[in-house]
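Whole structure, please, built from the sequences with the hints as guidance.
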Amino acid sequence: MLSVERLVKRYPTGDAALRGVDLEVPAGQVMALIGPSGAGKSTLLRCVNRLVEPTAGRVRLEGEDLTALGAAALRRARRRMGMIFQEFALVERLSVMENVLSGRLGYVGFWRSWFRRFPPADVEEAFRLLDRVELAESCDKRADALSGGQRQRVGIARALLQNPRILLVDEPTASLDPKTSRQIMRLICELCRERGLAAIINMHDVALARLFVERVVGLRQGAIVYDGPPDGLTPEVLTTIYGAEDWSEARRRGGADEEEEEEPEVDEQRLAGLT
Amino acid sequence: MPVREVAGVRDWQRRARGRRLLGWLGWLGGTAVVVASWQAISAHTMWTFVWDAPVQGADLASRMFPPRWAYTARLWRPLWDTLNIATLGTLAALVPAVPVAFLAARNTTPSATLIRPAALLVIVSSRSINSLIWALLLVSVIGPGVLAGIVAIALRSIGFVAKLLYEAIEEIDRAPVEAVTATGAGRGQVVSYGIVPQVLPAFAGISVFRWDINIRESTVLGLVGAGGIGLELQASVNVLAWPQVTMIFLLVLATVIVSEWVSARVRHAII
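Protein sequence lines, in the order shown, are assigned to chains A and B. When we follow our numbering, the leftmost residue of the first sequence carries the number 4, and every step to the right adds one. When we follow our numbering, the leftmost residue of the second sequence carries the number 8, and every step to the right adds one.
The hints are simulated quantities; they were obtained by calculation from the structure and are not laboratory data. No experiment lies behind these values; they were computed from the predicted model shown. Each hint should be verified, as a subset may be incorrect.
[Claimed, not checked] Beta-carbon label-pair distances, calculated as ranges:
| # | chain 1 | residue 1 | chain 2 | residue 2 | range |
| --- | --- | --- | --- | --- | --- |
| 1 | B | Arg134 | A | Ala71 | 39 to 47 Å |
| 2 | A | Gly235 | B | Arg26 | 56 to 64 Å |
| 3 | A | Gly41 | B | Leu121 | 44 to 52 Å |
| 4 | B | Arg181 | A | Gly23 | 47 to 55 Å |
| 5 | A | Val228 | B | Arg134 | 50 to 58 Å |
[Unchecked claim] Chain B regions said to be covered by chain A (calculated; three or more residues, Cβ under 8 Å):
| # | stretch |
| --- | --- |
| 6 | 48-56 |
| 7 | 182-195 |
Backbone N, C-alpha and C define an ideal beta-carbon position, used for all residues, glycine too.
Here it is in structure tokens:
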């Protein structure tokens with residue numbers, strides 16, 4: 004459904020962030036993109052919806068070549084790609100409802116959005132999504148009055164209100180505590196399953212990736228060095244992606260989590276282990 | 008190199024020796040300039056007048072007191088004019104200042120090579136001319152009166168408001184702008200959802216601050232015939248009616264205190 008072909012991104016400083024990436028994401032697949040800081044994960048996501056202009060290569064969404072689109076067509080194409088951000092990227096001074104409804108900006112005209120006169124069907128859908136992420140009673144609160152986990156749920160509702168075909172998720176849990184991280188990951192994956200959405204999720208936490216995704220792609224210095232199931236992340240593979248390190252902890256923790264998914268003590272153990 | 012090694016011990020100093028010497032030379036040169044200037048000014052001053060100043064000052068003060076309280080009745084109307092000049096002038100400035108600010112901010116300007124320099128030129132030319140001088144020009148163009156005062160205040164304020172606003176626009180958080188862009192929003196929608204909410208508190212604060220400044224500036228515009236309480240001030244000074252001058256000063260002081268209080272309250276309420 005999404006296919007990335009020979010994607011290259013070179014920044015004006017001369018740094019090559021992506022060196023010919025090929026990636027195929029079938030409909031409904033939730034995959035994680037892992038790799039060290041600076042490997043090009045964020046750049047890859049942003050090249051897909053062209054928040055960053057790729058230097059060379061193609062990105063196709065449902066057959067349409069996104070890299071060839073003009074400004075208006077690109078805006079229409081972006082409606083089909085929901086994005087979720089590390090620092091939530093909400094408009095702090097707007098209410099939760101306004102933030103969620105901003106997911107419809109690609110569908111409504113300027114003056115309707117300026118006067119906040121969104122079509123009733125959009126408002127209804129926004130309420131349904133807020134119910135789904137358990138924030139309906141907070142809809143009039145200002146976004147900066149929410150906790151980190153709540154803000155990320157607003158970000159998720161905003162992305163889903165676009166009615167996207169794919170979610171581009173940029174380190175959704177990097178600003179959250181371990182327990183909230185899991186809840187957010189679980190929510191994203193459940194919603195993708197419910198709606199048959201594909202998702203590319205950038206993440207740092209290998210153990211968390213193992214828990215939730217069916218496919219892992221490892222990026223190192225702008226090139227894909229691993230593409231396979233999470234079980235294939237052997238210490239050798241992790242060393243290829245991240246460099247030499249003792250990987251037993253990341254692997255063991257992932258394994259333990261899988262067995263005791265619903266046990267709340269696991270979180271406490273993890274927290275204890277972190278201190 | 009501020010770090011030296013002396014007998015195996017690393018020594019650190021803030022500046023290297025050459026820089027330190029340069030610093031001392033700078034201070035020496037500065038002191039010499041001050042002394043020379045003082046001598047030049049002293050040579051051109053008639054010191055008999057300066058020695059006489061306390062006596063003259065006391066004489067003027069004795070003629071200024073007590074203020075002529077009854078004169079207040081004739082001041083309410085010009086004071087009302089002054090407040091109107093400040094308020095309408097500020098409002099008239101906000102209308103062009105907002106688009107100019109968006110054209111001047113690096114992250115919102117449509118063209119950094121063509122439009123941004125033009126917007127900056129508008130800002131600089133508005134800021135470089137004092138409102139009293141604007142008023143002087145405008146009185147000769149559109150005639151004496153309140154209108155000249157309003158336009159003078161507006162012309163001076165456009166640059167001030169636009170400059171502070173465009174700096175606020177350049178300092179916004181990029182992340183919400185990126186997020187709104189990613190939804191497929193158009194250019195205007197990105198501005199109205201991603202940027203406007205972020206700069207609204209700054210905009211309100213700047214506007215009230217400028218209104219506060221304009222009240223003070225509009226009290227003197229009458230000196231050149233642009234309406235308001237300054238007209239009365241000039242008339243009183245011309246006929247050496249010092250108790251009336253004192254009364255005007257007191258009234259202006261009270262007005263400025265009230266406007267400071269109002270603007271502080273408004274800014275507090277917004278931020």
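Report task. Go ahead and decide if the range 56 to 64 Å is satisfied by the Cβ distance of Gly235 (chain A) to Arg26 (chain B). Result -> 59 Å, holds
Query raised in the report: Regarding Val228 (chain A) and Arg134 (chain B), is the given constraint of 50 to 58 Å on their beta-carbon distance met?
Result: 56 Å, holds
Query raised in the report: Would you say the stretch 182-195 of chain B counts as covered by chain A, given the rule of at least 3 residues with C-beta under 8 Å?
Result: holds (count 12)
Requested in this report: With a C-beta cutoff of 8 Å, work out whether three or more residues of the stretch 48-56 of chain B approach chain A closely enough for the coverage to hold.
Outcome: violated (count 0)
Query raised in the report: Does the Cβ pair Arg134 (chain B), Ala71 (chain A) satisfy 39 to 47 Å?
Result: 46 Å, holds
Query raised in the report: Taking the beta carbons of Arg181 (chain B) and Gly23 (chain A), is their distance inside 47 to 55 Å?
Result: At 28 Å between Cβs, range violated.
Report task. Look at the Cβ atoms of Gly41 (chain A) and Leu121 (chain B) and judge whether their distance stays inside 44 to 52 Å. Result -> With Cβ atoms ~36 Å apart, the hint is violated.
Hint compliance for this structure: hints 3, 4 and 6 are broken, all remaining hints hold.
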